[in-house]
Amino acid sequence: MPKFFNSKSKQLEGDIDGYLDRVTTAGLIFHEGVKAYVIGKKDKFERNFKEISVLESDADNIRRDIKHKLYTYMLIPESRGDVLGLLETLDDIVDICEKVLEQFSIETPDIPEFLESDFIELAELSSKTVEEVVKAARAFFREIGMVSNYVNKVHFYEHEADDVEEHLKRNAFNSKEIESFSQKVHMRYFAEKIAAVSDVAESVAERLSVYAIKRRI
Amino acid sequence: MLTIIFFLSSGLFLGWSLGANDAANIFGTAVGTKMIKFKTAALICSVFIILGAVVSGAGASHTLDKLGAVNELAGAFIVALAAAITVLWMTKAGLPVSTSQAIVGAIIGWNFFSHTATSISSLTKIVGTWVFSPIISAILAYLFFHITKRIVERSKIHLMRLDFYTRIGLLIVGAFGSYSLGANNIGNVMGVFINSSPFQDITLAGLFHLSSIQQLFLLGGIAIAFGVFTYSKKVMMTVGSGIFKLSPVTALVVVLASSITLFLFASQGLHNLLTSLHLPAFPLVPVSSSQAVVGSVMGISLAKGGRNLNFKKLSQISLGWVATPAASAILAYIALFFMQNVFMQSVFK
Numbered sequence: 345m346p347k348f349f350n351s352k353s354k355q356l357e358g359d360i361d362g363y364l365d366r367v368t369t370a371g372l373i374f375h376e377g378v379k380a381y382v383i384g385k386k387d388k389f390e391r392n393f394k395e396i397s398v399l400e401s402d403a404d405n406i407r408r409d410i411k412h413k414l415y416t417y418m419l420i421p422e423s424r425g426d427v428l429g430l431l432e433t434l435d436d437i438v439d440i441c442e443k444v445l446e447q448f449s450i451e452t453p454d455i456p457e458f459l460e461s462d463f464i465e466l467a468e469l470s471s472k473t474v475e476e477v478v479k480a481a482r483a484f485f486r487e488i489g490m491v492s493n494y495v496n497k498v499h500f501y502e503h504e505a506d507d508v509e510e511h512l513k514r515n516a517f518n519s520k521e522i523e524s525f526s527q528k529v530h531m532r533y534f535a536e537k538i539a540a541v542s543d544v545a546e547s548v549a550e551r552l553s554v555y556a557i558k559r560r561i
Numbered sequence: 017m018l019t020i021i022f023f024l025s026s027g028l029f030l031g032w033s034l035g036a037n038d039a040a041n042i043f044g045t046a047v048g049t050k051m052i053k054f055k056t057a058a059l060i061c062s063v064f065i066i067l068g069a070v071v072s073g074a075g076a077s078h079t080l081d082k083l084g085a086v087n088e089l090a091g092a093f094i095v096a097l098a099a100a101i102t103v104l105w106m107t108k109a110g111l112p113v114s115t116s117q118a119i120v121g122a123i124i125g126w127n128f129f130s131h132t133a134t135s136i137s138s139l140t141k142i143v144g145t146w147v148f149s150p151i152i153s154a155i156l157a158y159l160f161f162h163i164t165k166r167i168v169e170r171s172k173i174h175l176m177r178l179d180f181y182t183r184i185g186l187l188i189v190g191a192f193g194s195y196s197l198g199a200n201n202i203g204n205v206m207g208v209f210i211n212s213s214p215f216q217d218i219t220l221a222g223l224f225h226l227s228s229i230q231q232l233f234l235l236g237g238i239a240i241a242f243g244v245f246t247y248s249k250k251v252m253m254t255v256g257s258g259i260f261k262l263s264p265v266t267a268l269v270v271v272l273a274s275s276i277t278l279f280l281f282a283s284q285g286l287h288n289l290l291t292s293l294h295l296p297a298f299p300l301v302p303v304s305s306s307q308a309v310v311g312s313v314m315g316i317s318l319a320k321g322g323r324n325l326n327f328k329k330l331s332q333i334s335l336g337w338v339a340t341p342a343a344s345a346i347l348a349y350i351a352l353f354f355m356q357n358v359f360m361q362s363v364f365k
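Protein chains in written order, with the working numbering: chain A, 345 to 561; chain B, 17 to 365.
There's no promise every hint is true.
[Unchecked claim] Straight line, CA to CA, 30 Å or less: simulated DSBU-like cross-link-like pairs of lysine-lysine:
1) B/LYS249 with A/LYS413
2) B/LYS365 with B/LYS53
3) A/LYS413 with A/LYS386
4) B/LYS250 with A/LYS354
5) B/LYS55 with A/LYS411
6) A/LYS558 with B/LYS365
7) B/LYS249 with A/LYS558
8) B/LYS82 with A/LYS558
9) B/LYS55 with A/LYS352
10) A/LYS411 with B/LYS249
11) B/LYS320 with A/LYS413
12) B/LYS55 with B/LYS250
13) B/LYS50 with A/LYS354
To be clear, the hints were calculated from the coordinates, so they are not data collected in a lab.
Construct the entire structure; sequences and hints are all you get.
Dropping the structure here:
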């Protein structure tokens, strides 16, 4: 029996690491995708969008597999609920990254040049929150004392993202360059969508801080 | 033969209730938190309790024998019965109960009844051990907690692997705890029957020797195992999610500290080793596994900075040191009177 549990434990360790790798990659592709769209590299953007769609369904499969194994083999009974909760909310991050690129692909917003840098910076900050929250999740599994360190970074980047979002929206609405009100609203909509990635990452970080307290010996 | 079984029945009943209650001290959290299946826990627990009882049970039993050598089977029956009833009654009243304290009280009751002088030195040794066992357990748990915490934090071990190692640890420590429980507490169950043991020494195939006392302990061990299988699951589920809510890792520390405490007060080998080195040896005395566990939990509370220290539990423990033996002694005295004068059985020589 011990050998059986050990091999299952190792397998799950690998699955969890693989899942977290995919969440980080989703954040990076999201950043690259928004950047490619904004600077007009439409082909690259479409490639990124396809990549993230594949990644999203891949991550879903791994998550379901982890859930199945955790219940079937009765592993980590004490923290099973927390681990599954964590994986599900991390999945929301991948989902929203994919959704935002999808919206870009469908709605093809017309982004004026003076807003390009704001959009790219906003996407970069959101991607950083994803990177840090995944580090926090890894720490939850291996080095519980480090969780708060990464959670703090998530809060920091999320706050920065909020500032850039506000700046972008003000620029859009105060600008004489954008004439139609509908385009201004469109800019606001995409700014909010991109910033939403950092909001979801922050809510995962909040959960992680609680789980970390519960897991402390 | 029927008479012998009848007279041993009270001891076997005491053994059953010990198995039903005390197995939870060892495997309670492991089973309650579903880290180990009840069947696995019950099997390991039973095998090692019986091993501990047969191999190392003599030491602690000998101390009880010195306190009062109950020399008639009918007397031993009453002494064990009085202890069993006290345990049952105190469990129903929701008080932390110890078979060790109940049996000591009952033996003193027999001493009074048979006008045998109670060895004050033995009694002091026993009571002193009761006070010290939770303290030793608390100190050990405090130390182990810090060591475990440091190891887990420094090793950066993955949650999944930690879970695996904790399971293995709970099984190994559980086996050790069961062995210690059997060795330390079999005296409570069968100790009073030693002087009136109806068994003869047997040697199987010229290799395997089983003394009459070991046969008695084997029987008692089986009764404890029966208690483990038939009733301890209910108690384990309560322990796992009730009074002491522990995480599997802290449970491992608690069980290890309590098991070592029980082992220290039961191991003849350790006793001889320390004595041969001219070091102060631990007296071999049956102690309460429940109180050792409470001591360990207190030790962990202290290690965590004194949070959740349950003073009510502490006062209940000290009450148990006096109330349990007193109740058991009075009950034994009255029952011995009835056995002698109503049922016309000789209860002492």
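Structure-based check of all given hints:
With a CA separation close to 26 Å, the supplied pair B/LYS249 and A/LYS413 stays within the 30 Å bound. Under the criterion of a C-alpha separation no larger than 30 Å, the hint pairing B/LYS365 with B/LYS53 is inconsistent with the structure, at around 49 Å. Among the hinted pairs, A/LYS413 with A/LYS386 is inconsistent with the structure: their alpha-carbon atoms are about 41 Å apart, more than 30 Å. As the CA atoms of B/LYS250 and A/LYS354 are separated by approximately 33 Å, the hinted pair breaks the 30 Å bound.
As the CA atoms of B/LYS55 and A/LYS411 are separated by approximately 25 Å, the hinted pair is consistent with the 30 Å bound. Taken as a hint, the A/LYS558 and B/LYS365 pair is broken in the structure, with Cα atoms around 61 Å apart against an allowance of 30 Å. In summary, the hint linking B/LYS249 to A/LYS558 is supported, as the alpha carbons are separated by about 27 Å, within the 30 Å threshold. At most 30 Å may separate the alpha-carbon atoms for a hinted pair to count; B/LYS82 and A/LYS558 exceed this at roughly 50 Å.
The hinted pair formed by B/LYS55 and A/LYS352 meets the criterion: a straight-line CA distance of about 21 Å does not exceed 30 Å. The suggested pairing of A/LYS411 with B/LYS249 holds, with an alpha-carbon distance near 28 Å, which does not exceed 30 Å. About 34 Å separates the Cα atoms of B/LYS320 and A/LYS413, which puts this hinted pair outside 30 Å; it is violated. The suggested pairing of B/LYS55 with B/LYS250 holds, with an alpha-carbon distance near 13 Å, which does not exceed 30 Å.
Restraint check: the Cα-Cα separation between B/LYS50 and A/LYS354 comes to about 20 Å, which is no more than 30 Å; the hinted pair holds.
Violated hints, listed in ascending order, are 2, 3, 4, 6, 8 and 11; each of the other numbered hints is respected by the structure.
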